[in-house]
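Put together the whole structure using the sequences plus the hints.
These protein sequence lines are chains P, F, A and G, in that order. For the first sequence, counting from 1, position 420 maps to 420 in the working numbering; every step adds exactly one. For the second sequence, counting from 1, position 332 maps to 332 in the working numbering; every step adds exactly one. For the third sequence, counting from 1, position 16 maps to 16 in the working numbering; every step adds exactly one. For the fourth sequence, counting from 1, position 259 maps to 259 in the working numbering; every step adds exactly one.
Please note: incorrect hints may appear among the correct ones.
[What the hints assert, rightly or not] 30 Å max Cα-Cα, derived DSSO-like pairs, lysine-lysine:
(1) LYS579(P) <-> LYS98(A)
(2) LYS30(P) <-> LYS457(F)
(3) LYS579(P) <-> LYS456(G)
(4) LYS67(P) <-> LYS457(F)
Source of the hints: derived by calculation from the structure; they are not laboratory data.
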Amino acid sequence: MVTSTSLVYLIALPLFGSAILLLAGRRSDKWGHLLATALSASSFGVGLYQLSQMLARPTEERAITQKLFSWINVGTFNVDAGLLLDQLSICFVLLITGVGTLIHIYSISYMSHDENRRRFFAFLNLFIAAMLLLVLGDSYLNLYVGWEGVGLASYLLIGFWNQKPAYATASKKAFVMNRVGDMGLSFAIMIAFATLGTVSFSGVQEASHTASKAALTGIGIMLLVAATGKSAQFPLQAWLGDAMAGPTPVSALIHAATMVTAGVYLIVRSNFIFDAAPTAQLLVVIVGAITLMFGALVGTAKDDIKKALAASTMSQIGYMVLGAGLGPAGYAFAIMHLLTHGFFKAGMFLGAGSVMHGMNDQVDMRRYGALRKFMPITFATFGLGYLAIIGVPPFAGFYSKDAIIETAFNAGGVKGILLGSTALLGAAITAFYMTRVMVLTFTSKERWEDDQHPHESPLLMWLPMAILAIGSVTTGFLFTRGHALVNWLAPVVGEHAEDEKVLLQPVVVSALALLAVVIGVAIAIRKYQLSDVEKVAPQNVSFFTRIARKDLMQDSFNEAVFMKPGQTLTALLVQGDEKVVDGAVRGVGTMALGAGSALRKTQTGFARSYAALILIGAIVLIAGIWVVTQ
Amino acid sequence: MNALTTMMALPLIGSLLIAIIPSEQVLRIKQATFITTLLVAISGVLTWIKFDSANTALQFVESAKWIPSFGINYAVGVDGLAIVLILMSVLLAPIVVLAGWNESEGGRWSPKVFYILILVLETMMIGVFAATDLFLFYVFFEAMLIPVYFLIGGFGSGERAAAAVKFLLYSLFGGLLMLASIIGLYVISGANGGHTFDITRLSELHTYMSSTTQNLLFLGFFIAFAIKAPVWPLHTWLPDAAAAATPGTSVLLLGVLDKVGTFGMIRFCLALFPDASKTFTPLILVLSVISIIYGAFLAIGARDIKRLIAYTSISHFGFITMGIFAMTSQGMSGATLYMFNHGFSTAALFLVAGWMISRRGSSTIADFGGLQRVTPIMAWSFFIAGMSSLALPGLSSFVSEFLVLVGTYTRYPVAAVIATFGIVLAALYILIPVQKALHGPTTPGNENLSDLNLREKIAIAPVVAIIVALGFYPSPLLNVINPASAHVLEVQGFTDPVPSESAGK
Amino acid sequence: MNPFNYLYVAGLLFTIGAVGVVVRRNAIVVFMCVELMLNAANLTLVTFARINGNLDGQVVAFFTMVVAACEVVVGLAIIVTIYRSRRSASIDDASLLKR
Amino acid sequence: MTFEAPVLHYSILAPILIVLGGALVGVLIEAFAPRASRRSSQLFVTVASLVIALAALLRVRNQVSVSAAMGSVSFDGAGFLLQASILIIAILSVFLIADQENFTALAAAVPGSEEERHSLQADLRVTEVYPLTLFAVAGMLLFPISSDLITLFVALEMLSLPLYLMAGLSRRRRLMSQESALKYFLLGAFSSAFFLFGIAYLYGYSASITFSGIQASIVGGSGNDVFLLLGIAFISVGLLFKVGAVPFHAWTPDVYQGAPTAVTGFMAAATKVAAFGAILRIYYVTFANAQWQWKPALVLIAIITMVFGSVVAISQRDVKRMLAYSSIAHAGFLLSGVIALSKSGLEASIFYLFAYGIATLGAFAVVTLIRDSAGEVTDLNRWSGLGKRSPLTASVFALFLLAFAGIPLTSGFIGKFSIFSAAYESGNTSLLIAGVLSSAIAAFFYIRVIVLMFFKDSVEDGTSVVIPSALTTTTIAITSAVTLILGIYPAPLINFIATFATFVR
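This is the structure in structure tokens:
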């Protein structure tokens with residue numbers, strides 16, 4: 001395999017940036033954000049350069065590696081600090097650095113009033129570095145480092161305004177739930193090492209040919225657990241909504257475009273395992289399907305624009321996971337949707353941020369309305385993203401999502417029909433709630449107070465939105481020309497033979513999908529555009545709406561099943577340690593003391609009793625010896 | 001003069017010098033102590049550099065007759081495990097002195113006493129790891145208690161006297177059980193080729209013991225070490241002691257003294273009683289797993305920041321013992337590395353916590369809040385320390401913790417799996433205090449706390465540096481540890497389990 | 001006659017003395033009981049001298065008498081001092097030291 | 001029948017004779033010397049005769065003889081070591097006794113009477129205590145080397161009678177002092193009656209009063225085992241009474257508390273050496289072959305004694321009583337040395353006796369320093385904060401306590417180690433375990449006192465530390481130095497003992 005010496009710069013540059021900014025402290029307030037942006041951009045540059053290099057090489061030599069040093073080396077457990085750049089990771093590298101850079105730029109203006117902007121940029125750079133490590137690591141353990149690194153960055157950024165207790169709690173929640181997923185990843189690594197004797201991608205792939213189904217299934221399931229944690233998939237989805245506590249650029253970059261898609265990357269990267277472990281693969285599609293419905297349903301009930309978008313992110317990632325679960329047929333499409341989603345969802349989040357910026361941080365969509373007039377650019381870019389996500393041709397979402405739906409239908413048998421129809425239904429709901437967002441925010445009549453003065457955001461903010469909008473228009477088209485992306489990824493995720501017998505022809509699927517979209521849009525327009533909307537969410541709503549607003553009771557569930565018992569257990573143990581464990585120890589002491597004062601009483605002070613003691617002693621002694629000797 | 005002996009002599013000399021400085025000149029005394037510990041640290045680093053990691057035999061060996069008629073020698077020497085722990089101890093000492101620059105005031109006695117005790121303790125810390133004569137080891141093992149006892153009881157806070165007594169009685173009890181075992185060994189050695197305490201010769205004795213004898217003697221040692229380490233359920237002295245002691249003392253207590261327990265398990269329990277070790281491994285693994293989870297839960301429930309750190313240590317020591325008795329190269333090396341890393345991450349936690357407490361005048365977590373805004377540097381130092389305590393990848397403790405888990409999994413999957421839940425609990429027991437103390441609105445009383453001063457920054461910087469550096473590049477230590485731990489396992493007759501499905505087979 | 005009977009007598013005397021020490025309160029009487037025990041021992045010695053047919057036992061008996069005499073001197077001295085300071089020869093009164 | 005003149009080896013008997021001579025001179029001084037000059041002259045005579053006796057003893061250290069006095073004394077290495085220890089301890093105790101503050105002005109005077117007040121005003125001094133001490137020492141010297149039953153009995157009385165009197169000479173709390181004298185005397189006489197009865201039966205068993213004769217007939221197995229049984233049992237009662245083994249211990253606390261502290265120290269240290277010397281000889285030489293008879297019983301007594309002493313000591317409030325109970329516990333430890341019945345057991349016992357005697361003497365010497373207007377303060381609660389008031393005194397006392405507790409780097413540890421290993425080597429595992437456990441219990445109260453002295457705040461009730469007289473200072477200095485040195489580098493003494501410690505048969 002071709003080795004390179006320049007991969008490390010991809011990571012080193014932003015890492016360096018964050019280090020500088022954190023160590024220099026306030027001294028770097030003046031120029032910190034600029035440095036960070038520049039470094040992120042230059043990392044993007046390196047990415048482009050690597051792409052050009054890669055394109056220059058023949059297909060089989062496109063993947064390149066770089067070994068930095070031997071990281072952990074104990075017995076047969078040898079892990080190098082090594083990087084791997086192949087067709088799959090380059091996509092991510094460009095997405096991360098590209099979108100990342102745009103969001104840096106956006107943030108310069110968005111955070112300009114925050115006294116800690118420098119620290120914000122330091123964390124952004126830290127995130128970029130960690131995310132790059134995640135996608136560039138050449139072994140599961142290296143990936144793990146990036147994996148938790150992004151978790152840390154996300155924790156820091158969600159809690160960036162942690163003086164608000166709620167935000168602090170949100171960040172903690174995110175970290176802890178991610179840790180649950182990370183636990184899965186460590187299990188996967190342990191099993192891999194114990195059974196296959198290696199944890200590097202190449203090693204595991206090579207061993208996976210001979211390994212037993214059981215082992216691979218175990219690894220696969222554990223990887224899935226990890227993915228659900230990081231990508232907010234069912235059942236570890238609960239943290240994503242609260243994660244919106246972070247500044248909007250963070251939501252755009254981390255909780256829409258990149259980090260939350262890491263799970264998808266992990267599954268696609270481990271395709272060789274899932275291909276060999278059908279059970280695990282089945283679980284993947286099930287998780288994907290459930291989550292895409294879950295997110296979609298939650299999305300319909302949210303009035304907080306960011307939470308609505310978050311729910312939609314969850315749902316969209318559900319699509320990706322579903323795709324990834326469909327095996328070689330789906331990997332490429334999952335990645336494609338991931339990339340397109342990266343563009344349009346990031347764009348929409350930035351749009352949301354721009355709206356909040358104009359509405360001095362109001363997030364309740366019921367207090368928006370008719371913003372079209374006041375912030376046209378935001379409206380335009382957001383709108384393009386909207387069209388992309390609901391899957392209107394020829395926008396990006398159409399190609400990627402359609403492909404997934406189609407593959408789902410063609411997965412074969414009942415499974416195929418179920419998955420396909422779920423995906424289709426999901427598309428309809430997506431159309432509904434996204435239209436709802438669109439309408440409530442931009443087109444319906446205005447519902448904000450008079451003291452609000454909506455205005456368009458400055459250039460630094462709308463420029464990135466515009467670029468992302470362009471992306472969300474064009475990418476789908478580009479990726480699908482002559483199966484560009486599919487062929488590009490084939491060396492990594494494996495060729496997929498075009499199966500001749502298909503349940504539904506692409507045309508049919510597209511037609512159905514469009515139909516679903518139209519229905520969804522129609523309902524939404526009728527419900528929100530053509531009828532008035534209360535400024536405060538009505539309470540006399542259907543039971544369904546109520547629990548949808550409560551994220552389908554996910555928090556109540558976690559609280560009842562994990563938190564409360566956990567707290568009780570903790571309290572019990574604390575008591576027990578004090579009373580029982582330590583009590584036993586103290587008991588011994590008290591016992592000794594008691595025995596002491598009891599025996600003291602034998603010392604009556606009367607000489608005669610002492611004499612008696614001696615006499616008895618003598619008799620006992622004689623008797624004793626007698627007994628022993630006879 | 002032998003490198004180890006020199007290292008042990010230096011602090012004693014220093015303490016004598018300090019003894020002649022009039023106790024009014026506190027600054028002079030502090031400087032003298034700091035310089036002494038610094039010198040020791042330097043010589044320690046030099047020794048570590050000179051150490052030939054390829055060679056599994058004991059190095060820097062020195063032996064002199066002490067009590068010939070009992071076959072007792074003053075014998076010192078180090079292998080890869082010992083040198084790493086000595087390195088840790090001598091590196092921590094100057095940091096502790098510098099960090100706790102003012103903690104000697106307000107004690108029962110003059111600062112002079114404090115620093116003399118600290119230096120005497122340092123000598124014994126080095127000696128206990130360097131001793132290759134069981135008797136010598138025991139002497140250090142027990143004599144160590146006295147300075148610590150006075151450090152806690154004389155300079156601590158709160159229930160210091162009670163805590164000190166609890167600590168001493170617990171340890172003495174363990175020590176006496178160990179003494180019984182030592183006498184047993186001594187007698188057995190006398191019956192088989194002459195009285196001796198030389199550990200290499202003692203390690204050949206197990207062939208002469210009945211399994212019952214071996215088990216009993218093993219227990220004598222193990223209980224003593226389990227109290228030191230501390231392993232559930234023999235841990236209850238630790239939170240009290242740690243809560244009462246000054247931060248610096250706590251660092252030495254949890255960072256170094258408790259390591260004597262885990263070190264002793266490798267050096268004596270495994271080496272002297274291989275069969276018994278095998279017999280008891282299941283039990284010990286159970287205890288370790290319990291310690292991991294139990295300690296974590298108690299840390300979550302802790303209200304006092306020092307107790308919290310103590311409980312986290314109980315959890316961490318669970319990992320160490322588990323790694324040791326997993327009997328795999330990853331577990332063994334991981335455990336040893338863990339001892340080193342735990343020394344520093346706990347040091348960081350305790351020192352920063354100590355600064356927070358001394359500024360706020362309270363060690364209750366609830367009394368803090370919003371420190372990140374008032375005292376950013378202190379807050380971030382605490383955060384980094386916490387991250388290393390929850391074994392964040394990229395920080396040193398991750399490497400060791402993961403090695404322990406992987407190493408355990410290959411032989412005892414169940415234990416490893418349960419233990420892994422500890423990493424989720426770790427996230428909780430670190431982030432909860434982080435949120436309560438550093439985040440949220442600034443609670444009244446904290447508005448004008450002062451941030452770290454230069455001295456404190458200088459003290460904490462190397463700790464953080466080591467934590468980060470070893471996270472990315474642990475090889476310098478692993479290269480020293482690996483041959484030694486491999487040697488231990490080889491003596492034990494253990495080989496790593498082969499991957500059950502490796503492409504090779 | 002069977003010399004062993006003397007041993008029984010001596011044993012009896014010894015027991016009487018021992019019990020006396022335990023049951024009597026007056027220091028003097030207690031001391032007398034001790035003397036009784038000593039003489040019981042003497043009787044035993046002499047008897048054994050007879051049984052064993054050598055004089056060692058009788059020699060010991062002489063020594064014992066001397067020693068006993070010394071004990072009387074010391075003992076009475078102590079008892080008298082106590083009596084003078086306490087105006088009572090009951091050893092039960094002297095029980096300040098206890099526990 | 002012909003009469004042969006007795007042959008006496010005066011060189012061997014010299015030490016005893018010198019001491020006796022000194023005593024007689026002392027008596028003459030009491031009779032004729034003017035009051036003013038008595039104290040100095042008595043002190044001189046006493047110390048001189050003791051020192052000369054020691055010198056004379058050293059001259060004959062290599063001699064071994066069973067016929068030093070027609071077979072009633074057998075001198076050998078062990079005898080030499082025991083006598084030497086006794087003399088050294090005696091000299092150091094005399095330094096304490098010389099501090100007249102301990103003694104009544106006029107023993108005959110009724111407490112609180114006119115007579116007493118006069119004598120106090122006249123500033124009279126009892127100086128009889130010096131000859132009494134010498135008589136006792138002479139008895140102690142004879143006790144461990146006597147090799148027939150007569151000599152044994154005479155020696156026993158010779159060391160006891162003066163002690164009975166000395167116990168009653170306290171200057172303060174005279175009622176208690178006299179009471180202790182009475183109790184000591186009555187119980188002592190009681191026990192010596194048992195002793196004598198035992199002698200009678202041993203004689204009855206073996207038709208001989210020499211140890212060798214008795215041993216011969218035990219080996220021969222002729223003779224009535226019932227007599228042997230009664231003999232051993234009754235003699236043991238007498239001897240165990242002297243060393244204060246349970247259940248014959250009851251006098252110890254009362255007498256230790258009531259007697260003048262200097263005398264208590266002398267009694268506790270020297271009597272133990274002498275009595276254990278005799279026990280060692282008689283069990284090692286005479287009864288060795290009958291161990292099947294007495295060993296189980298003695299093991300039981302030893303265990304009970306250790307545990308009882310340690311447990312009861314916990315709840316003591318008076319320092320002298322606490323030391324008394326601790327001496328009971330130590331009697332138990334020493335008995336395990338007797339039971340060992342081996343060369344190492346003998347060496348260990350002798351080392352232990354010396355180390356313990358020195359430490360005990362030192363401890364009581366310190367007790368004499370803590371006083372208030374009404375004399376010595378022995379109530380432990382009033383010792384609190386001693387470490388603050390006079391760190392040196394407190395530290396020295398702490399050192400002795402640590403020695404009793406058997407902490408390494410003190411003589412006590414070496415003693416414990418050697419005596420327990422001897423016991424275990426001879427197959428008495430139960431003693432080892434019991435010893436270890438009771439040591440753990442014992443640590444409890446030794447540490448309590450240390451806490452009291454160092455970690456509790458002092459109460460202002462006039463309790464103060466007096467400036468010790470030069471002689472007392474010497475005693476304390478020497479005893480503490482020895483305690484420390486024997487802990488750090490005991491090899492010379494151990495070797496010395498090893499070369500001498502043998503019993504001639």
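So which of the earlier hints does this model not fit? 1 and 4
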